[in-house]
Amino acid sequence: MEITEIKEKLRTFICTELLNNPDYPLQDDEPIITSGLMDSFSLAQIGVFAEIEFSVYIPDADLTVDAMDTLNQIAMRIAREVNK
Amino acid sequence: MIDSVVSLYQVLHQHAKDRPHEMAFAYLENGIDVSSQVTWKELDQQAQAFAAHLLAQGLKNGDRVLLLYPSGLKFLVAFMGCMYAGAVAVPSSIPYREHAVSRLIGIVTDAKVNIACTTKDVFERMGISSFLKKNRKFARIKVILHEEIDLENASQWHDPDIEAGTLCFLQYTSGSTSIPKGVMISHYNLLRTIEDIRAGLGFNESTVMVTWMPIFHDLGLIYGLLTPLYVGAKCYIMSPLTFLKRPLNWLMAITKYRGTHTAGPNFAYELCCRKIREEEKREIDLSTVDVFINAAEPIRLETVEKFWKSFKECGLSPYAQKGGYGLAEATVKVSAQRLDDKITYACLDSSELERNRIRLVSHDTPNHYDIVSVGKSEIGADIRIVNPETKQLCAPDEVGEIWVRSDSVAMGYWNRPEETKEAFHAYTDNGEGPYLRTGDLGFLLNGDLYITGRIKDMIIVQGRNFYPQDIELTVEKSHPAVRPGCGAAFAVRDDTSEHLYVVQEVREDSPPNGGWDEVIKAIRMAIAKNHGLRAHGVALIPPRTILKTTSGKIRRSATRQAYLDGKLRLVAHWRAPA
Chain A
0 MEITEIKEKL RTFICTELLN NPDYPLQDDE PIITSGLMDS FSLAQIGVFA EIEFSVYIPD
60 ADLTVDAMDT LNQIAMRIAR EVNK
Chain B
0 MIDSVVSLYQ VLHQHAKDRP HEMAFAYLEN GIDVSSQVTW KELDQQAQAF AAHLLAQGLK
60 NGDRVLLLYP SGLKFLVAFM GCMYAGAVAV PSSIPYREHA VSRLIGIVTD AKVNIACTTK
120 DVFERMGISS FLKKNRKFAR IKVILHEEID LENASQWHDP DIEAGTLCFL QYTSGSTSIP
180 KGVMISHYNL LRTIEDIRAG LGFNESTVMV TWMPIFHDLG LIYGLLTPLY VGAKCYIMSP
240 LTFLKRPLNW LMAITKYRGT HTAGPNFAYE LCCRKIREEE KREIDLSTVD VFINAAEPIR
300 LETVEKFWKS FKECGLSPYA QKGGYGLAEA TVKVSAQRLD DKITYACLDS SELERNRIRL
360 VSHDTPNHYD IVSVGKSEIG ADIRIVNPET KQLCAPDEVG EIWVRSDSVA MGYWNRPEET
420 KEAFHAYTDN GEGPYLRTGD LGFLLNGDLY ITGRIKDMII VQGRNFYPQD IELTVEKSHP
480 AVRPGCGAAF AVRDDTSEHL YVVQEVREDS PPNGGWDEVI KAIRMAIAKN HGLRAHGVAL
540 IPPRTILKTT SGKIRRSATR QAYLDGKLRL VAHWRAPA
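Chains as they are written, first to last, in numbering that gives the first Met the number 0: chain A, 0 to 83; chain B, 0 to 577.
So here's chain A without its partners, still in its complex pose (with noise of 0.2 angstroms):
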């Protein structure tokens, strides 16, 4: 899978799931957590809708506001495991 496609679900899901905004205009790499957009805990909803999504699981290890803190970094840990 292309990782541009896994982007664009990616924010599609971020902006109207988690944000509760379909209209933010979300950069590929603006801070999601650390700049208070959304919380820490709302990454689990990420790592629940990767596996949903695109069938693959992200350890807990690696579903951490260092690595997964905007689109580029969740979209790449994402593909990496797609694409395995």
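In short, the hints are calculated from the structure, not lab data.
If you're wondering where the values come from, they're calculated on a predicted model, not measured in any experiment.
Glycine included, C-beta positions come from ideal geometry on N, C-alpha and C.
For the chain B half of the interface with chain A, some residues (derived, Cβ under 8 angstroms), not all of them:
| hint | residue |
| --- | --- |
| 1 | Y95 |
| 2 | L240 |
| 3 | L243 |
| 4 | K244 |
| 5 | R245 |
| 6 | R273 |
| 7 | K274 |
| 8 | K520 |
| 9 | R523 |
| 10 | M524 |
| 11 | A527 |
| 12 | G531 |
| 13 | L532 |
| 14 | A575 |
| 15 | P576 |
Based on these hints, arrange chain B on the given structure of chain A.
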């Protein structure tokens, strides 16, 4: 310390006189550099001005004031300001998700809050004005924005009418979301618990605290902020997020500011071991640290040893890591290891322990189980190990419920006489009491307390407490195929931490259109959404097969055991990959 002190605010007031221009608290926005700071005089003055503002708004002695603040100096001004005004502070976390919002609504309703203080940033970001409009019963609440208070103007402040036994603040950390319980902490409780921490862990004027623990959490608030305030020490604060984003920030701040005291739950030490690279360790100097307290979730000896191995080359003292134990109902501390204690642990026979018996074995015995000591009380707390059923005192080699009587045991739960009686007024079968029932299990050995588990079915993940009934409610609403009231949520531990598992009945033996897979996904997403937590296992079982008591209550620990033993008939099962 000053004689005749009845409240912590008088201590702050005195520091402002004794050392007005010394730095008291500093905030590290990026985790490294000081972005803002206050001297003792400034903090005293600003807290007075905050109090004067509250009083000018018509606040009366004992009114509850909700504090909705991020980590930082503004919170400290507001918290101390409430004390200066004779108000009862109600600190709360800033809610990001639905579940947290319902908790906040629960707190506001329960505490009958009339005034809420927050920052401009939080107010705008959380859409608090639209929240208040939507919930009409909150229309009476007056919202004060911190930035709009004239913090220079303390002229209207006057000493509040406070006695030692006066209620100081409410700690909403216990009780499930549906029934939040506010633990009532008096000024005396607070001073005594701080004295307990000071005496055991060697706090003094030259202490340097580095803290990132949440300010609305008893450990972050009292150990992290108020104990340094009490002794007149310097304190460097960063937000929990700054630590989570880069665990190295914590240890680098300790290095830079020559920190002597700090704290974190077990997972924080794990995170440091996992995330900090070898080359980064060269920059870290932990030789100044007297106390790394490990508390707020079960302490693992493996983690303590791992942290020691990872950071001894950074100057970590073998005496620095310490176990501590407490709960909001005892203000914060019940016991902790002392400044000059090395971490100690008991090596027990695990099969005996399963039968609630303590038998010490040597470390090379197969099936042994290590439990880290959580030390003692310094204020003469009377700690008893009691059989929770018969209320008889346990024999020295028996595990029982930990009961506590001490100056730091809180006044009870706000407006909840029944629950207060049950938890705070317990008597042993021979009439000794009143004791606080902690709900935790443990034993005493050579005067030290050890924790083995808990009676309450609470699930603790990364220092956050979850009530199973909250999670079960989320699960039953997550998909039409699940049978309401017939599920169990419980914790299972692996080497490093606890994880959430769910066993849930379905309505019919045949799967819905989307298959069982769809149900499991719906359950997992709902838990993540409402609680910010991933379940590590979900088992669906046939209708009318979950274990219940004769009165129809879910038997969570029996269900857990049956699940672990593979004795449940499963309709579908999902587990996180190893």
